[in-house]
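Visitor: Letter by letter, the chains look like this.
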Amino acid sequence: MKDQSLGEFEELVLLMVAALHDEAYGVAILENLEEKLEKKYNISAIHVALKRLEDKSFVQSRFGGITQDRGGRRKKFYVITALGKRMLDQQYEIRTSIYNQIPKISFS
Amino acid sequence: MKPYPPKRALSFLRWFCREDYVEEIEGDLTELFQKQYDEAPKKARRKFFWNVIRYFRPGFIKTLKTSSATPNTAAMFRHNILISYRNFLRYKSSFFINLIGLSSGLACTLLIYLWVNDELQMDQFHEKSDRLYQVLEHRRQADRIWTAESSPGPLAAALVAEMPTVETAITMGWEFSATLSIPDHNIRATGKYVDKDFFNMFSFDLLQGNKNTALEGKTGVVITEALAQRLFGTTENVMGKMVDFYHEKQYMVTGLAKNTPSSSSQQFEFLLPFESIREGRQWLQNWENTGPTTYILLKPGTDVQAFNDQIADYIKRKTEGEVTYRTQFIAPYTSRYLYGKYENAVLVGGRITYVKLFSIIAVFILIIACINFMNLSTARASRRLKEIGIKKAVGAGRRTLMYQHLGEALLLSFLSLVVAVGLVALLLPQFNIITNKQLALRFDGQFILAIAAITAATGLLAGSYPALYLSGFNPSAVLKGKFSNSLGELWARKGLVIFQFALSVIFIVSVVVVYKQIEYIQSKSLGYDRENVIYFDREGRTENNDNLESFLAEIRSIPGVITASSTQHDMTGHNSGTSGVEWPGKDPNDKTEFENVTVNYEMMETLGITMAQGRTFSRNFTDTARIIFNEAAVAFMGLEDPVGKTVKLWGHNMEIIGVAKNFNFESLRENVRPAFFRVDPASTYLVMVKLAPGEQGETIKKINSFYEKYNPGFTFDYKFLDAEYQDQYVAEQRVATLSRYFAGLAILISCLGLFGLAAFTAERRQKEIGIRKALGAGELGIVFLLSQDFTRIVLMAIVIALPTSYILSTYWLSNFAFHITLQWWYFISAGLIALSIAFLTVATQAMKAAGLNPTQSLRMD
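Going line by line, the protein sequences match chains A and B. The first sequence stops at residue 108 when you use my numbering, and every number in between is there. The second sequence stops at residue 969 when you use my numbering, and every number in between is there.
The following block holds chain B by itself, in its conformation from the complex (with noise of 0.2 Å):
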């Protein structure tokens, strides 16, 4: 047996050297390489891909496309974009709808690729982000899994401590705002307290300072740029000033960061050190309370499923065995932006449902603008018959003319992105202020790649079927002038036609059913009055427990102030929640939290919250020992006629004066949890007020004025309730705004589909309309005849919208605890107005055509 070459330099020699040449070279090398291997076998192989190698070279390889080869390519390609153009010129209706209709198309896609590239792109400027997680705990209750992102104080240090895999962990305060202070200046900014090695962890660039001490100690603080601009007025020699938070505490400027990008999740105005608020909190130095958050960064190849093993029963066996429905695990910090949903333990989305969907509304809307062009141009395919005639008799094969199409569709779509990309420049602010985003055009490799990307889909897309058909006459047929649509061509087109439709039907409906969840939401009845009431922080003298009880009393007796509280809850989702209430019957390993809603004398007035049973808090008695449940509360514990009863409260008795009637304070997606209200004037951190309607701005002036001569050096900040209400819901209204002008587009780009489509059917008809004018048909008659076959595929287009609508929008629905029901209307109401415009569409078409002077149209010929 001889020896065989190496294979692959074989194959690669037979793969390009030319036909004519392959059998004497390749017989030589392999004599060559069957003698040189009997003295060297290696020496032999390697010899042969070298000799392999030496033939790639011009004389050797085959020429491209050696048999079939048009010599005349950029020839072809002058003439057919030359064909196109005058085809664009000579048809300037469908030229314009094509156009308008995929630039708008491609707009949107383009505006939607910006948003979503940019939700991705959140928080993934990380260096060290593949070793950042979070620590998430799961924690059991009687009804459900709840996944909580706060722990215990001591976590952070003790991982760091007992786990080798971890390489530094740090602990996070929420974030919160104050008033900060140099000598006559006050401004008020949002920051929160971290550990030192938030630097080591983060990203974000400390300018001045050392990262790995900036926030070492108790008494630095770390200042972005624009604050430094807002209090100093610059941002050179600021470090070592000192700085007054709350005119009581001073921390030095130790780190000048830059302000925090908006592709970050987190965002601050200035660190201060966690450890300077650790101190003499009981409830930041036990493993039962949790309050502030832990970021981990592992080490480089640690197992993370390993690590959430180890960590399950952490909390376990720090309490020594007495905590047991709390489950600690780790989730990647750069996930957590677009997937932070859990539900019962599982990770069930987040974000990334509004990314996904707004990618499908983007494809949908291409389409809708790709089946215009395929439709006009196969409807219109009898006006280009002679052109495809002539060429095929000439010689063109089937691969040339759809060469030759589908290049059509795609300089009509680089055009379209022309077009689009100016209209994506010229609304690009608009789009940023609904999306609350800084979206802007940059023309890096990334974007343009990603754009040519999409505009060459869109052409092939919106070519494929024309080309195609176009392609595939009969040149003898064709020239002979006898065409005419199969049955099954002319289906082809009014399938697309019914798509375009139910898609266009599918999105009124989601606007409509989107728009009355919203509406349903902020006018709810919440079980408490949230108009009128604004809220803000106990600051310097009114965070004094002695001067509260006074300062309220003052603010009550302002005119137009109707009453005031104070509360530790600012109603707006969970807050506070503990599971140490205790009740007869209630089994010891149940670890359900009740909603804490800790209040001062008069909150319940305050917020309008009516009692189902019993009395609210009174001065008039020492209430401190008394507690109101809710009644999901009352539900839950299973308690009958409960006022008058005692329950436990972190091991204190507490007798049940009231039952609140279910008021949401969470939003509506969730049920009604339970909850309590105690009085303990000290713990509470926001002053309420309820104004009188009507005159709130006056009345606002009156307290601020009062607030700044009470507590000099601070700055009244108020918020109002019902605002801070409607922000929960800031995603489900950028959706109902995004999908109104989404349905528009789709409505107005089926319709420029639909014009063209009715204007050709008039204009192919003209003959026969003529006649019937001439033996008598009313103008009337005409349009019906004309608009009786459009109506009656946009019919079905309803039939079929109708029910996928109807699931869709359930599937919605069903992620709100509380929400509408639908109604039949809102999908009727959908079909009848996709039904008028298409109908009005094609009727005005069809009214110039009946219009016209039957002796013009019957003269020629």
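Here chain A stands alone, though its shape is the one from the complex (with noise of 0.2 Å):
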């Protein structure tokens, strides 16, 4: 296992996978998240996150079927794994947790 840690974008990505489930791949994700977060992102950092997240083990990839849209090129699908899950799991609860702490302030 290399590093375990997760930034903030691949923390985007890594969610957006698992939300997508088995339909998660390069242009899918991108559109998705840019229609979320109404942000516009390039291709290229979504690959360049997918690797990494590969490279720790979050995610799991497989190439589904030819199909004539992308000039005759397969897809590749990603999916989470079980330590991505555990991961999103931990980074959730920490959150979580330490929302918890917040006083009970009115923020008018």
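Everything labelled a hint here was simulated from the structure, so no lab data went into it. All figures in this text were calculated on a predicted structure; none of them were measured in a lab. Check before you lean on any hint, since a few could be wrong.
Facing chain B, according to a computed beta carbon distance under 10 Å, are these residues of chain A, among others [stated by the list, open to error]:
id : residue
1  : V27
2  : N42
3  : A45
4  : G71
5  : K75
6  : K76
7  : T81
C-beta atoms are modelled at their ideal positions from N, C-alpha and C, and glycine is treated no differently.
Build the complex from these two chains, which are given one at a time in their own frames, with help from the hints.
Guide: And the structure:
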């Protein structure tokens, strides 16, 4: 196991992979992220993040079938691994617990 | 049909991207592209490009040589160098043979490179060089077309006025030397007359003065720094000072120029305005006479071919159809130095011939040195069999081994380079004397690049065959010790030695032929006697025609002087020609020029020109309307019994009083051309004095002291006629000297190689020799046994070289109208020299081997 940390953008991509479940590939991830966050991303950033996640074994990949749309190139689908899921859970827990420590003061 | 993404971006992506990623990335990019394409096709294409470029970063680029990469390249490199170093140490003799051979070959190549580079740089420094042209003329003669540099006096001004494509043009006079003086100080300097735009055309630096106006008017002079130093003793405040020329004409310094660089073909110490001599000289103002040279600066973008078409019949138009035999054309000024020779209106070369010749020699000498390396490394392959076998057995690929041996050759050649640069630094002063150049080792970018390239090429050439050969062994056979030279390899090696020696023999023959031809030129009877003749300009009082006779009489009365006279023609090279000779039966269109030799009385005696018929000029007759032709002229005109007949010269009747035997007034490259003598003391510019042999030095001193009294303020500046004659063959003499050195070097290197091979053979056949000796063979027999092979190889080289060298020398000699006939012994002696040197080299090795005690060589194993 290499570095077990998770960057902010990596976390977003990992979440999206988990959310799209079995339908997650480069363009789909990009478009969903852009839609959710209302922000423009470059496809290469997504790819870099995916490669890193794969290196850290948070995701697994497989090739799909050949389609006409992509100039004959296959899609590469990503699914989240158990380790990835645990990592996400951990992140979520840490954040929630810190969030819960916020004193109940009015933020008006 | 789906839109297809930009091809170039796609292939770039495929080229750099990792194979395992490319599928996904390309697919995603294509999909994105197709989605965007529907909205905005152009933007989509731009975006695609940009996206591809975004992937061009470490994480996605292929690693170099992913599959067969050797992670220990550096270690292998170190290992190879170490092995090479150990080999050098172990086999010192072959190392030194290779080092000496390669370094002397490289040194010779470097010297030639410096020389060639200098020749190519000649005149290239002019900023407007691409637009600078010289006007030349083809002149149709009865037997040839002669290309002349001189043009009519009014040409430059007319071209500027009438040709819209000519930016500026200048007239330039020939170089002359003159006495310059300021009060109490006289010196001689050389310079020329030029038109005012000189500095606007040529990029000579003018330090002080205005380059537009310095030569305007008739009274200014531009001098160089060196001349200012000589004349005034300083270069400061010289502007505006007055300088006397010939104690006659005053010029004011209006410009101070930098000394002319050695990379300029024109050299001068002073420049005078051409305007100051134009006036009152009829022949500078018409189109029929020619004399000065003309240079033009074309406007940018001018079509030279079209311009040539325009001026082809310029002379004809200017003379209203009178002169039809002269065709003008322009040639780039910067190429004139290397490409200056025309034959029948076709450019046939010039100095470029020697540039090419020496470049070829350099390449050949380098090849000879490379062959040594190839032969020694392949012959000694057996010494490295185990190394190669083991390396292969452990898994070294052929390529690795090739790199190793190429690397070794490169290492050696760069070591040689270091030695070679040292040698060049040592030899350069001597080389500069031979070539009359100021070459220097300057380590600028271009030079370093050039020598690195030459050395690398040498290393690769030298290493190529050994690398291929050594890396091709079969490891199992090699390790078992079953190694035998196949017939093919043996022949390759022999072939290389044959090639080496053939080149050496060709070099030797060329040395002999060039030497003999030069000797022939220098000793050939020219039809006149140039020994012990000195000549000098008529200046000051002697320039006055009334004084000439009495001056000559005084000179003649000096003891040690045989005779003295004056002439217009210095008897070396073409001087002054005219087509104004008319004889009965002449074709009116014939514009062949006769050489015009205007002389004073007693000139023909001074030069010892012998008469075939008739008499020479004599004061006893008024001979000004008489003429003497040479035999070539009589033959050309087809006159029979010429003496007593009358011809016309420039419209005047001239009676032929004699026929002079042919004499060579031009270089021996040319045949003797028609010439005539006429008497006109007023038109003679040179005084020639024939001295008695044996005491020339004394006599010259006497003439000098007389001259200084007679002609105060002028220095007695004389030249020897034979020295001047030699100057015509400077190029040949240089070739002669250099080819001697090169031939010596070629033989030396070849013999080094042979020496190495012989030593090696003797070593390998030690046991055989031991057994032979034990069985009673004599030493002499063994020497012959060992030298046999090599002698045969060298003989074969000679057989190949002799016909080749015969062809080459015949070709070179055909440049001369007068040349030696090739003798069989030139070739035989060259062959014998090569053979005996080779034999001696091998025999010394063989003797050493034969002298060994057989018990020693047989005792081992």
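Visitor: Measuring from the C-beta of A45/A to each C-beta in chain B, is the shortest one below 10 Å?
Guide: holds (8 Å)
Visitor: Please verify that hint: K76/A, Cβ, nearest Cβ of chain B, below 10 Å or not.
Guide: holds (4 Å)
Visitor: Grab the minimum C-beta distance from V27/A to chain B and call the hint holds if it beats 10 Å, violated otherwise.
Guide: holds (5 Å)
Visitor: Can we keep the T81/A interface hint, with Cβ of chain B closer than 10 Å?
Guide: Because about 18 Å separates T81/A from the closest Cβ in chain B, which is outside the 10 Å limit, the hint is violated.
Visitor: Under 10 Å is the threshold here; is the Cβ of N42/A close enough to any Cβ of chain B for the hint to stand?
Guide: holds (6 Å)
Visitor: Given G71/A as an interface hint, is its Cβ closer than 10 Å to any Cβ of chain B?
Guide: Where the cut-off is 10 Å and the nearest Cβ of chain B is about 4 Å from G71/A, the hint holds.
Visitor: Hold the hint about K75/A up to the distance rule: shortest CB distance to chain B must be less than 10 Å.
Guide: The hint holds - K75/A has a Cβ within 10 Å of chain B, the shortest such distance being about 6 Å.
When each numbered hint is compared with the structure, a violation occurs for hint 7 only.
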